[in-house]
Structures are given as C-alpha cells and as structure tokens.
Amino acid sequence: MIRKEYQQTFRDRRMLFLLLVAPVVQLVVLGNSVNLEVDRVPTLIADEDRSPESLELAAALTAGDAFTHLGTLESGREVARRVGRGEAALGLVIPRGYGRATRQGRPVALQAIVDGGDSNRATVAQNALAAFVMERSTEAAMQRAQAASAQRGQAFSMPRISVEPRILYNPTLDSQIYFVPGVAATLLLIITLITTAMGLAREKETGTLEQVMVTPIRPEILILGKTLPYYLFGMVDLGLVIVAGAWIFQVPIRGSVPLLFLAGSLYMLTTLGVGLLVSALARTQQQAFFGAIFFIMPAILLSGFITPIENMPHWLQPLSGLSPVRHFVEILRAVLLKDASFGELAAPFVALAGMGLAVFAAAAHLLRRKLV
Amino acid sequence: MKGLSLKVQAGELYGLVGPDGAGKTTAIRMLTGLVNPSAGEALVLGQSAQKGSRLREAIGYMPQQYSLYGDLSVHENLRFFGRLFGLSRREFGEREDRLLHITRLARFRDRRAEALSGGMYKKLALACALLHRPRVLVMDEPTNGVDPVSRRELWDLLYEFVSQGMAVLLATPYMDEASRCHKVGLLSEGRLLTEGSPSVLVASMGHRALFMEGPDRTALEQAIENRFGRESQGGARTLLAITPLGAGLRVLLAGDAVTSVVSWAEASPLVSTIRELGLDFEDVFLGLVAAPDASPDASSGVDSGSTPGAASSEDP
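As they're listed, the protein sequences go chains A and B.
For the first sequence, counting from 1, position 284 maps to 284 in the working numbering; every step adds exactly one.
Take any residue in the second sequence, count from 1 to its spot, add 372: that is its number in the working numbering.
It is worth saying that the hints were derived from the structure and are not from the lab.
Check each hint, because a few of them may be wrong.
Stated by the list, open to error - Only pairs whose alpha carbons sit at most 25 Å apart, straight line, appear in this in silico SDA-like list of lysine to any residue:
#  : chain 1 : residue 1 : chain 2 : residue 2
1  : A       : K370      : B       : N408
2  : A       : K204      : B       : S635
3  : A       : K204      : B       : T398
4  : A       : K204      : B       : A487
5  : A       : K370      : B       : Q436
6  : A       : K370      : B       : R401
7  : A       : K204      : B       : N516
8  : A       : K204      : B       : D443
9  : A       : K204      : B       : G442
10 : A       : K204      : B       : G490
11 : A       : K204      : B       : S445
12 : A       : K204      : B       : D392
13 : A       : K204      : A       : L19
14 : A       : K370      : B       : L415
15 : A       : K370      : B       : Q437
16 : A       : K204      : B       : D528
17 : A       : K204      : B       : R455
18 : A       : K204      : B       : A629
19 : A       : K370      : B       : Y438
20 : A       : K370      : B       : R455
21 : A       : K204      : B       : Q436
22 : A       : K370      : B       : L621
23 : A       : K204      : B       : Y438
Work out the full structure: start from the sequences and follow the hints.
What follows is the structure, given as structure tokens:
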C-alpha cells in the first residue's frame, strides 16, 4: 500500500515538485513579503503655510528612513485626492498659520490623511506620523522651557521619561524571524491535509477503491497506507523549511531539533486526521479539496500567526485554542528562538497530542464504518 | 432486490441478464460485500457477504468500470493486489507469470495500465481478480467496451477457468453474451423473472419468429401493429415484438398465433416475402418483457442439492 503511494507520487513529477520544492519556494516568497516594519511610508505633503517653520517640518519628516517624500503640493484637497487614489499611504497637510502659531507658542493641529480602505497600511502610516510629531512637540516644548529659564537666569532642568527596550531573542525585531515558523506550519498543514483528503477521494472517483475493498485488506492497513507516506513527506518538508529558514532568513535554531520533529509529528496527527475525515465524507476530489480548504482557512486565521490572538474579539479567542496551527507555531517559535524545553512547552504539546488523537480516532472510526 | 436467490454450481457460468436499471449491479455489489442489503442477508458459499467478511478471500470481483491504477504498470497493479491478498513473494511470482502468460499480457508487463487497449485492460482486471485463486468469480459487464476479437479471447479464458471448477457469475445486458452461459437468470426490476439454460429457455417459450418483406417497410410495420397489436389469446398477447431485419421485419409472435398472421400476410399487398426464422435468446427476453405472465417458469429461486457456489439475497 505504502509502496504504491510512493510509486504513484514519484511517477507524477508535478506532484513531487509540489510536495518537495514548492514549500521552499513559498517559504522564500511569503517570508519576504510579510513585513510589518515601519519604514518607507510613501508620503505627500501639502504646505499651505509656506513659512520657514513649515519647510523645516517637511524636511525633518522626510529626512529619516521612516517616510519617503513623494512631493509637496499646494492644497490639502489635492493631497486628499491623491491619497484616495492610492498614490500615497499618507498625506500631511500643514495648515496656514502653522509658522506663526509655533513662533508664538500656541497649539496647532496638523492634518493627516490616510486611506482607511487598507486599514493595515493606514495604521502603520498613522503610527509613524504620531511618533514623529510627538518627538517634535516635546523638542519644541523643551526649547521654550529652556529659553524661559535662561531669561530668569535659572539653570534648566526638566524631567523626561524614556523607554530603553531590551528585546530578547530577536533584538532587531526582524519580522521574518517571527513569520517563518508560521509559514512553515501553514505549508505543512496545507500539504499534508490536502494530499490525504484527495488521496482516498481520488480512489473513489476512479473506482480503484472498489477493487481494493473486495480484498481482505484490514481497515487499519488502509488508513496507515493512506497516511504514512504523507507523514514522511511532511517530515521531509519540515526539515527543508527549517533549513531554508535558517539559511535564507537567518532564523536561528537554538533549541532541540528532535523536539521540533516530535511536535511536527503530533501536529500532523491532526492534519492527517482531518484529511482522512474529509476523504471519508467526500465523494469526489473536488469535494475533498473544498472540505480541506474549509478547515485550513479558519485554522490559519485563528492561529494568531497573521493577527495577534489578543486583537481578536473576546468570544473568538477561546476558539483559537482549537487551531492546531497555533500550538505548533508556539512550539516552533519557542524551540527555535528560545531553546525552550519540553517541560516549558507542556501545554501546547498536550493540546496537539489531544487534538491529534481525537481527530485521528474519529477519522479512523468513520472510515471503518463508511468503507470497510 | 426482492427475494433474489440463485445458484451457481462449481464449474458453471451463470449469466445475470436484464436491461439497464434491472438491479444487476446492485445484486453483484451485495454479493461482493460492497453494499449491505437494507434488509435480509446476502450469502455466498453459505457465508454472509457482509462488509468486511473473510469471504472476500474466496471471491474474485471484476467491476464494470475502470478499477485499476492507470498510473501504475501491469506488473505494479498485479503486485499491489497480490500484496493486499497476502500472497508471498514466491506465490505471487508464479501466479503472475502464469496469469500474464494465459492472458498474453507478458509483453506489456511494464506498460502503464492507462496505456492498455480496452481488451487488454479487461484481461489485466481479470488477472487481478484471479490472483488469489478464488472459488467464485463475480463479473459486472466484463466485455463492456471490448472489441469482438478480445471479447472472444476473454470468453475462452473464462471457459478455461470454469472448466477447472470455478463458479462464475456475470452480469450483462447483451443477449448474445448471455447465450454463451451455461445458465441464465433474467432480472427485471429487482426480481428474477426466470432462469434456466439458454437453449431450454428458448425452446420452452413457444414463440415463433417470422421474416416479412414488402415494398414499404414502414407501412408494413404500421399495418401489423394495427391488425395484431391489441389482440390476445388466453391472456397472452399475439404480437410480442417487431424489429427491423435487413430490408424487412422480424416479427416475434406467440406460437399459436402464427397461422392467422401468415394467412393475413398472404392476403396483404404489403407483403411480398414471408418465411419463418429460428429463435434466439434475445427473443426470450423480448417475449418476457412484452408478456411477463407467459414465462415458462415464473417461480424464481430454484434451490436444490449441494451448493458449492450458491449465492442468494433476500429482501422481504
């Protein structure tokens, strides 16, 4: 049975490519495309004041790496129009009277225009601008206070509290290091689940299952034959992705590799189990494929790999515990970056094992009833 | 299926005949344990054919549709099913050689199954079904989509296995194929209408067939329909079927109606030639469908003697 699965897989060159080469390619593409760091926000400025102060503000804003200056326009309306068309992520309007207000020490408001249609980009742009303006106004306040003290002949002192972060494990906050484990878990999920789900469905569709079912084959053997080959493919993929992650994205491998593969095995118990479950229910490959997607999408979205779990609505957060991706990503990150021990990761390990056993047992039971 | 019970002796070829939708495939799937009857039991060799039964080791099954792995070679398909039947490497090697030899597939051992012709594919399916030396072979429309030459070859193979004592049950919609069986059962709407040896069935029907030819075939057919279509004698219809034959018509009649039909035809300007034809097995079926009450042996389910390969399915 197992030999037959391998023969069929190796005979199908395209399938082999999808199973072994595609994961690495996807890791590279996805790993490079996910980037949550704030830099090079494309910015348009409308300077309606045209004072030395406004020119100085615009220059300071675009001096660093955070913003890329696309141009300076006459009116705020024109900037709004262009941001609306997606030509820039951020529009900054410096109102008439800005220079006078700053000279006189009066409060003044700048207008920021962002396109809320792309809320991610909008948030990134807004945060970057807010940080910049905060820094500027603190600076201005200090200068005024300093000048006032000097007039009165006093020594200037002002309390100023700042945060000096010491970031553990990923000091440069490289988002690729954060994302690679997530991508690895997602790829493993998709590959092992879809191949198992389609495997039996294909045999149903082509009629070969019927010929198999009239032999005295035991259901356990059939199930093993339909999962073990893809389990081994999954393990190879996991190894490939970890090596590629370390090599291309400098994701460190600080912890125990056997522990990673143990986690991978438990994780695949769930993914293969769901695959079997789908294939027991589906009649055609098409049904199996959509059944698989139906599980894959929520499992990824709820895992916290794309949006932090803390940002989900409260009622949704407990559901995230049902996503095997979440637990596996947690283990991958902890072992790769922190050299976490099995003891520290007991909770996700238990969750993965429990889920895997339950799903696999349910799938085996259903298959036994439906087929043999 | 309603109270279907049929007996296939060792060394006998039994043909289950019926139109599409008669329940041939369902009957066969029950006997191979692919579906369970909604009520009642399917028994083969005195054992239940329920799902997962050990009986499977004694049954070979050749389904109607494609059922082998197209992307595997002839040898790989055989080896796969050999493994599923738990054959040892040595046993498998011997049987593969023998089966490839008698099916004359040895030359194509490494060809992919999907690249085989229809006839070769069926022979491979037969070889796969025979690997474990079953006592009972069940086939669903075995020569569907097979050219006449390969068909003959397949039948020769079947006769050879049957002569060695295998019991073969096959389902077919083709009458010519059914007439090659030792025994046939006519199945319609899940019930066995009649069974017996094809020649005995033909003789016992009492039908007669006439060939009529005239200047206008369509008008002739219409005239026969109008004259005899509604006539009946003792509850049995006179006219059973009209089928085109060459330039004329083949008219199937109840036996005692022939005299009146012949005298009508001799008087009719539409008929220029008339002669009697021999009956064939297809006539039995056409006659039965036209007048089911007139079957020679309407009681189905003959059971007697030792049953080396008996199959029955009951649904009360």
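Hints and how they fare:
no.: 1; hint: A:K370 <-> B:N408; result: 11 Å, holds
no.: 2; hint: A:K204 <-> B:S635; result: 60 Å, violated
no.: 3; hint: A:K204 <-> B:T398; result: 17 Å, holds
no.: 4; hint: A:K204 <-> B:A487; result: 21 Å, holds
no.: 5; hint: A:K370 <-> B:Q436; result: 22 Å, holds
no.: 6; hint: A:K370 <-> B:R401; result: 15 Å, holds
no.: 7; hint: A:K204 <-> B:N516; result: 21 Å, holds
no.: 8; hint: A:K204 <-> B:D443; result: 15 Å, holds
no.: 9; hint: A:K204 <-> B:G442; result: 14 Å, holds
no.: 10; hint: A:K204 <-> B:G490; result: 21 Å, holds
no.: 11; hint: A:K204 <-> B:S445; result: 20 Å, holds
no.: 12; hint: A:K204 <-> B:D392; result: 22 Å, holds
no.: 13; hint: A:K204 <-> A:L19; result: 22 Å, holds
no.: 14; hint: A:K370 <-> B:L415; result: 21 Å, holds
no.: 15; hint: A:K370 <-> B:Q437; result: 21 Å, holds
no.: 16; hint: A:K204 <-> B:D528; result: 32 Å, violated
no.: 17; hint: A:K204 <-> B:R455; result: 20 Å, holds
no.: 18; hint: A:K204 <-> B:A629; result: 53 Å, violated
no.: 19; hint: A:K370 <-> B:Y438; result: 21 Å, holds
no.: 20; hint: A:K370 <-> B:R455; result: 23 Å, holds
no.: 21; hint: A:K204 <-> B:Q436; result: 14 Å, holds
no.: 22; hint: A:K370 <-> B:L621; result: 52 Å, violated
no.: 23; hint: A:K204 <-> B:Y438; result: 11 Å, holds
Hints 2, 16, 18, 22, counting from the list given before, are not met by this structure.
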